[in-house]
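Visitor: Generate coordinates for the entire structure from the input sequences, incorporating the hints supplied.
Residue numbers (numbering that gives the first Met the number 0), protein chains in the order written: chain A, 0 to 137; chain B, 0 to 514.
Derived by calculation from the structure, the hints in this document are not laboratory data.
Hints are not guaranteed to be accurate.
[Stated by the list, open to error] List of simulated lysine to aspartate or glutamate pairs, EDC-like, C-alpha gap at most 20 Å:
# : chain 1 : residue 1 : chain 2 : residue 2
1 : B       : Lys418    : B       : Glu372
2 : B       : Lys426    : B       : Glu446
3 : B       : Lys477    : B       : Glu467
4 : B       : Lys448    : B       : Asp500
5 : B       : Lys195    : A       : Glu82
6 : B       : Lys505    : B       : Asp475
7 : B       : Lys195    : A       : Glu111
8 : B       : Lys477    : B       : Glu509
9 : B       : Lys195    : A       : Glu100
[Stated by the list, open to error] Partner residues are not named here, just some residues of chain B that face chain A (Cβ under 8 Å, in silico):
#  : residue
10 : Ser78
11 : Ser82
12 : Gly83
13 : Ala101
14 : Pro302
15 : Leu490
Each residue gets a CB set at the ideal place from its N, CA and C atoms; glycine is no exception.
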Amino acid sequence: MWTRRVWLGLRASAGGRRGFPSKADPQGSRRVTAELIEHLERLALVDFGSQEAVARLEKAIAFANRLRAVDTDGVEPMESVLEDRCLYLRSDNVVEGNCAEELLQNSHHVVEEYFVAPPEKHMEITPFCLWTPPSKHH
Amino acid sequence: MATPVLRWCCPGRRWVFAGIGGVSRHGRGVPTGSTSSGKRGQSSVAQQPLITAQKPRKGEREWAAVVGLEIHAQIASNSKLFSGSQVDFAAPPNSLVSFFDASLPGTLPVLNRRCVEAAVMTGLALDCHINRRSLFDRKHYFYADLPAGYQITQQRLPIAVNGSLVYSVCVGKRRSQMVTKTAGVKQIQLEQDSGKSLHDSLRSQTLIDLNRAEGQLRVDANISVHNPGEPLGVRTEVKNLNSARFLAKAIDYEIQRQINELENGGKILNETRSFDYKLGCTVPMRDKEGKQDYRFMPEPNLPPLLLYDSESLPTGTDPQQVINIDQLREQLPELPRVTREKLVQQYGMLPEHSFALLNEVGLLEFFQNVIKETRAEPKKVTSWVLNTFLGFLKQQNLAVSESPVTPSALAELDLLDRKAISSSAAKQVFQELWRSKGKTPAQIVAEKKLELMQDAEALEQLCRSTLEAHPQVVTDVKKGNPRAINKLIGLVRRATLGRADPTVIKEVLERQLSL
Numbered sequence: 000m001w002t003r004r005v006w007l008g009l010r011a012s013a014g015g016r017r018g019f020p021s022k023a024d025p026q027g028s029r030r031v032t033a034e035l036i037e038h039l040e041r042l043a044l045v046d047f048g049s050q051e052a053v054a055r056l057e058k059a060i061a062f063a064n065r066l067r068a069v070d071t072d073g074v075e076p077m078e079s080v081l082e083d084r085c086l087y088l089r090s091d092n093v094v095e096g097n098c099a100e101e102l103l104q105n106s107h108h109v110v111e112e113y114f115v116a117p118p119e120k121h122m123e124i125t126p127f128c129l130w131t132p133p134s135k136h137h
Numbered sequence: 000m001a002t003p004v005l006r007w008c009c010p011g012r013r014w015v016f017a018g019i020g021g022v023s024r025h026g027r028g029v030p031t032g033s034t035s036s037g038k039r040g041q042s043s044v045a046q047q048p049l050i051t052a053q054k055p056r057k058g059e060r061e062w063a064a065v066v067g068l069e070i071h072a073q074i075a076s077n078s079k080l081f082s083g084s085q086v087d088f089a090a091p092p093n094s095l096v097s098f099f100d101a102s103l104p105g106t107l108p109v110l111n112r113r114c115v116e117a118a119v120m121t122g123l124a125l126d127c128h129i130n131r132r133s134l135f136d137r138k139h140y141f142y143a144d145l146p147a148g149y150q151i152t153q154q155r156l157p158i159a160v161n162g163s164l165v166y167s168v169c170v171g172k173r174r175s176q177m178v179t180k181t182a183g184v185k186q187i188q189l190e191q192d193s194g195k196s197l198h199d200s201l202r203s204q205t206l207i208d209l210n211r212a213e214g215q216l217r218v219d220a221n222i223s224v225h226n227p228g229e230p231l232g233v234r235t236e237v238k239n240l241n242s243a244r245f246l247a248k249a250i251d252y253e254i255q256r257q258i259n260e261l262e263n264g265g266k267i268l269n270e271t272r273s274f275d276y277k278l279g280c281t282v283p284m285r286d287k288e289g290k291q292d293y294r295f296m297p298e299p300n301l302p303p304l305l306l307y308d309s310e311s312l313p314t315g316t317d318p319q320q321v322i323n324i325d326q327l328r329e330q331l332p333e334l335p336r337v338t339r340e341k342l343v344q345q346y347g348m349l350p351e352h353s354f355a356l357l358n359e360v361g362l363l364e365f366f367q368n369v370i371k372e373t374r375a376e377p378k379k380v381t382s383w384v385l386n387t388f389l390g391f392l393k394q395q396n397l398a399v400s401e402s403p404v405t406p407s408a409l410a411e412l413d414l415l416d417r418k419a420i421s422s423s424a425a426k427q428v429f430q431e432l433w434r435s436k437g438k439t440p441a442q443i444v445a446e447k448k449l450e451l452m453q454d455a456e457a458l459e460q461l462c463r464s465t466l467e468a469h470p471q472v473v474t475d476v477k478k479g480n481p482r483a484i485n486k487l488i489g490l491v492r493r494a495t496l497g498r499a500d501p502t503v504i505k506e507v508l509e510r511q512l513s514l
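Guide: Next up, the structure:
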């Protein structure tokens, strides 16, 4: 698996490492700060809930960091498993739409033909919980 | 119709210009605040004219302002960028929405070929380098009109980069001098639009319409100031600008605000501001919880977009599935810059006139039609079209297509002007042409008896009687006062009810005065 990855890298045109700036420490520190948790909760609307959840996150990061053991100097990163595929180009014809009624059925609250959302300030989106307490009854 | 930021037009197209993504070269990474752009396809272009605002005060520091524009322009296509639903204004809410547009689970984006072609053509028109390989990314943020929770855009490797636009402005006290300037284009990218939200404050709710297809052109400005030679300053982003005039006002205000702030020892915050039209100033927008982190990631459902040219075109592939940049380059209409150059070369026109002709939809065509039907000097036609004709259009707020005067009528009028009537009479005829449809210039001349006096004897008589009636002026002329003769000419003209040519009058008078 590693060999194949390196082969793909050499085949691609030379270039530096592209990619998004990483927030994580390049050394792969194990501690995730409370500030970062707050930031992530806001960005991704998840609820870490408890210290166990944070610990799990840290374990996940450590697991992923093992990838850094591979020397990728001079290797073009793979950005998509689809990189060998052709991007399909659709002709500019109108072939869908016109199903407002169907779509609106998905929403609890509609006004005429509009979806209704609470205004930004009061956006009540239930955060997705990452950790659930163990069940008492089995 | 929204006023485009830069106006020029190729007759027949409503807009050509594509928008901007990315950031000006402030190099701070991701722009602050959320940017909305076009689902069915908008392209983005960044420009950076360097403006030096020199107002030495309080320590005589020189300031330089850097302005980067993010322009979002909607692509004229039948269907959307990533789905086959229709693009249209003013359709019933949510009627042009497919399952993908509603972000229903299991739906995937499918790229519209026409949008790619539009982006490439825009890149070519703006002298950009077209990236043979470009990538799509997801930009994540939460907003009610963004059902997927992310927008598909091209942040890392957009379709076109490093272009420029040469344009001209009129400067000087009477805006009579034309100077050319160049704006750099950082990149052009394809991206999705968010939906439209209507805020109902009464019931404290927001109504969402996922049709998109809102404004055709939107601009955000990124502005910072610094002392020349020093690093760039902190920038602010000004949003909510929807006309060229307000864009200029907002930028001017913000530059001055920043200079004032810094000169008073204050600091500039990296924030998003909006322009208050009534007050004519920029104000901070609601705090968007500090700097936005869009958590860009590659769009996993779209492979890289590959473009080809005639050399690299793969053989044996479905032509529908490959895009040839060279072919698109050939399909580009004549660019305005080239048209203007041709006008100047062919007709000896002043550059500012070439701009004026291209700045009004249909005006160039009108001009060319008049030229076709007349043997008049191009300079004369230019004058007719830009001064008289355009003047009337503007006065009555009409488009060229709504003009009651046709090119043939104008050509005929010019012919009469040269041979049969005086220029003041010609203007009268033009006015009448405007008012009464269907009449030809010849008819109007006949009706109003505006033909040039054919009777030379009558003219001689009129001149003589004028001279007799104004002995003082005659003396002035004989004394050598150069303006006195004009007074006499004016008097004779009035006497002939505008039916005599001033040059002929002058000739007769001078002869009679034995000058």
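Visitor: Broken hints, numbered, in rising order?
Guide: When the structure is compared with the hints, numbers 5 and 15 turn out to be violated.
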